[in-house]
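> Work the whole structure out from these sequences, hints included.
Residue numbers (our numbering), protein chains in the order written: chain A, 1 to 135; chain B, 1 to 119.
By construction, these hints were calculated from the structure, which means they are not laboratory data.
Bear in mind that the values here come from a model prediction, so they are computed numbers and not experimental data.
Each hint should be verified, as a subset may be incorrect.
To be verified - Think about it this way: if two alpha-carbon atoms lie no more than 30 Å apart in a straight line, the pair counts; the simulated DSSO-like pairs of lysine-lysine are:
1. A:K50 / B:K116
2. B:K116 / B:K40
3. A:K90 / B:K116
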Amino acid sequence: MSNEQYLIVSYFFVGVLSIVIAMAVYAFLRRPLAGLAGAFPNTNLAAVLKKLFPAGLVLPAMAGFLSVNYHSCHTSYQSIIADRSYLVGKNQEQISATCLFLMLAILSWGVVVLLSLVTQPNQPGPGGEGEPNRL
Amino acid sequence: MSPQNLAGFVILLALSLALTFAIWALLSKSLEGLLNQVLKLPDGTTFYLRSFLIVLLLAAFAGGFGTTFNLKPGDPFMEYVWRVAAGLQEVCEYLFGFMLGYLILITVLVAVLRAKHEQ
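Below you can see the structure in the form of structure tokens.
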């Protein structure tokens, strides 16, 4: 495989991988968030949170992937595709940036859930204190 | 990627994951108890616990993949060790930064919700 072919294949592969990582995180957190949202008396807020959640994970993952610039060290396309290790390094950088942006997104969702919990009026939730959680 | 570079990368990733699971093993039980006590919602506890685990894993991967192994086959052994050490330093920075952010979040959660439950 030539370096140019590797660049094209790896670029789109890592792009799809970043979306897959975000969807895996969404699948892991979807049920507890839906359960939390179901406990909110304000059903509109619950619906908005549930619908925004996938976009709030996929968009940061894509932003992380797209934030990596291939032109940072090399000025021309020919110099970019000349070095295979540079291309591999850029792929690693894309995965790393995707993970970092997802970390920030999850922390931000934690704050959003906190604010939603705080702004709800006092009422007994669906589960008691002793009810086991589902990790 | 040469076999030596690949081995260095795999070792870095394994060490990062070991660090992540050590932190998880140390903190998960106490964190679960605290969240159960404060949130009084099983789904809330699950959400924050899962978020904690995912972000720990993402920090390990971000640090691991952020380190490029492009050493030449003839390079001395210590060059590989230093590269792994540089990667681990990045992982530790990410883990520390995340845990600081999470600690602030949980502190606010405990303070605000305890005050709310006492009302």
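> Please go over all the hints and tell whether each is borne out by the structure.
For each hint, the structure was consulted:
1. Taking the CA atoms of A:K50 and B:K116, the gap is about 24 Å. The hint holds against a cut of 30 Å.
2. Note on B:K116 and B:K40: the hinted pairing holds, with a Cα-Cα distance of about 12 Å set against a maximum of 30 Å.
3. Proximity of A:K90 to B:K116 is assessed by CA-CA distance (about 48 Å); at most 30 Å being required, the pair is judged violated.
Against the hints set out earlier in the document, a violation occurs for number 3 only.
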